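Trainee: Sequence:
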Amino acid sequence: MENYFNILFSEVNITLTVLLIILILYWLATMITGIDFDLDVDVDIDIDIDADVDLDTGIEGGNMDFQDVANAEVDREHVVNKRTRKLKWWQVFLIYFNFVGLPFMFTFTFWIFLWWIISVLTTSITGSYDNTFGFVIVLAAFIPALILTKVITTPFKSFFKNLNKDGDKAVDFLGREALLLSTISGDKLGNAEVMADGNVMSIYVKSLDGSELRFRESVLIIKQSDDKNYFLVSKA
Numbered sequence: 001m002e003n004y005f006n007i008l009f010s011e012v013n014i015t016l017t018v019l020l021i022i023l024i025l026y027w028l029a030t031m032i033t034g035i036d037f038d039l040d041v042d043v044d045i046d047i048d049i050d051a052d053v054d055l056d057t058g059i060e061g062g063n064m065d066f067q068d069v070a071n072a073e074v075d076r077e078h079v080v081n082k083r084t085r086k087l088k089w090w091q092v093f094l095i096y097f098n099f100v101g102l103p104f105m106f107t108f109t110f111w112i113f114l115w116w117i118i119s120v121l122t123t124s125i126t127g128s129y130d131n132t133f134g135f136v137i138v139l140a141a142f143i144p145a146l147i148l149t150k151v152i153t154t155p156f157k158s159f160f161k162n163l164n165k166d167g168d169k170a171v172d173f174l175g176r177e178a179l180l181l182s183t184i185s186g187d188k189l190g191n192a193e194v195m196a197d198g199n200v201m202s203i204y205v206k207s208l209d210g211s212e213l214r215f216r217e218s219v220l221i222i223k224q225s226d227d228k229n230y231f232l233v234s235k236a
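Residue numbers (full-length UniProt numbering): 1 to 236.
Derived from the structure by calculation, the hints contain no laboratory data. On a predicted model such as this, the values are computed, not experimentally measured, just so you know. Some hints here could point you the wrong way.
Cross-link-like lysine-lysine pairs, in silico, DSS-like; alpha carbons within 30 Å at most [unchecked claim]:
hint	residue 1	residue 2
1	Lys228	Lys150
2	Lys235	Lys223
3	Lys88	Lys157
4	Lys188	Lys223
5	Lys188	Lys228
6	Lys235	Lys157
7	Lys150	Lys235
8	Lys235	Lys188
9	Lys88	Lys188
10	Lys188	Lys157
Between the sequences and the hints, there should be enough to build the whole structure, so can you do that?
Mentor: Set out below in structure tokens:
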């Protein structure tokens, strides 16, 4: 038992071990208290939809929180099969390894756990948990952990697609009034706040007839897009 402890908390493995413990405490606190501890980071998503799909995501002080982006579904054809504006390397990284398209903390926890278990097992087998070679193994385990994370988490996409960001059954927004958080017109997408079941939720919206709808204007949710990624709205 003491040997296991020495391996887990060796100078090579202690960082990932402590991080995994923090994540376990995070999930326990979330389950027990129901409090959402996800970090809020201002972002701005600007998506122009036409014959060619343009997608651009940037941390530029917009109106959407980090959880919105973490839960956003980005279809593969929007990135691969369509002509798009060039994505930044970190955007491609997040999309490809399912940090976008699934709840961020869900994917992040899987990644850290797999990275930790690969590192601990390998350094234990090679006896390198207390020497320089162990650090090389931990760094090398970064990539296979990411690949395994993608493989394991991909099947969960269809499950989370039917849930809202709080993990509940998807809410029916049609016919509700919403408050625009950005000005939209033509094919430009923006986001809006809508009150549903006592909670304020953020959704992606697009003008039904292409007319300009201004920031903080009340709109009526008419229908959902065919790909279920946004809602068409008109003046309330």
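Trainee: Assess, step by step, whether the Cα of Lys228 is no farther than 30 Å from the Cα of Lys150, and give holds or violated.
Mentor: holds (23 Å)
Trainee: With a cut-off of 30 Å on the C-alpha distance, tell me whether Lys88 and Lys188 pass.
Mentor: holds (21 Å)
Trainee: Is the Cα-Cα distance between Lys150 and Lys235 30 Å or less?
Mentor: Violated, at roughly 41 Å.
Trainee: Check whether the Cα positions of Lys235 and Lys223 lie no farther apart than 30 Å.
Mentor: Holds, at roughly 13 Å.
Trainee: Does the alpha-carbon distance linking Lys235 and Lys188 stay inside the 30 Å limit?
Mentor: Holds. Lys235 to Lys188 sits at ~16 Å (cutoff 30 Å).
Trainee: Are Lys188 and Lys223 close enough, with their CA atoms no more than 30 Å apart?
Mentor: Within the cut-off at roughly 16 Å; holds.
Trainee: Given the proposed pairing of Lys88 with Lys157, does the C-alpha separation stay at or below 30 Å?
Mentor: Holds - the C-alpha atoms of Lys157 and Lys88 are around 23 Å apart, at most 30 Å.
Trainee: Quickly compare the C-alpha distance for Lys188 and Lys157 to 30 Å and report which way the hint goes.
Mentor: holds (26 Å)
Trainee: Below or equal to 30 Å on CA atoms is what counts here, so check Lys235 against Lys157.
Mentor: violated (33 Å)
Trainee: Decide if the proposed pair is consistent with the structure: Lys188 and Lys228, CA atoms, cutoff 30 Å inclusive.
Mentor: holds (16 Å)
In terms of the numbered hints stated before, the structure departs from hints 6 and 7, listed from lowest to highest.
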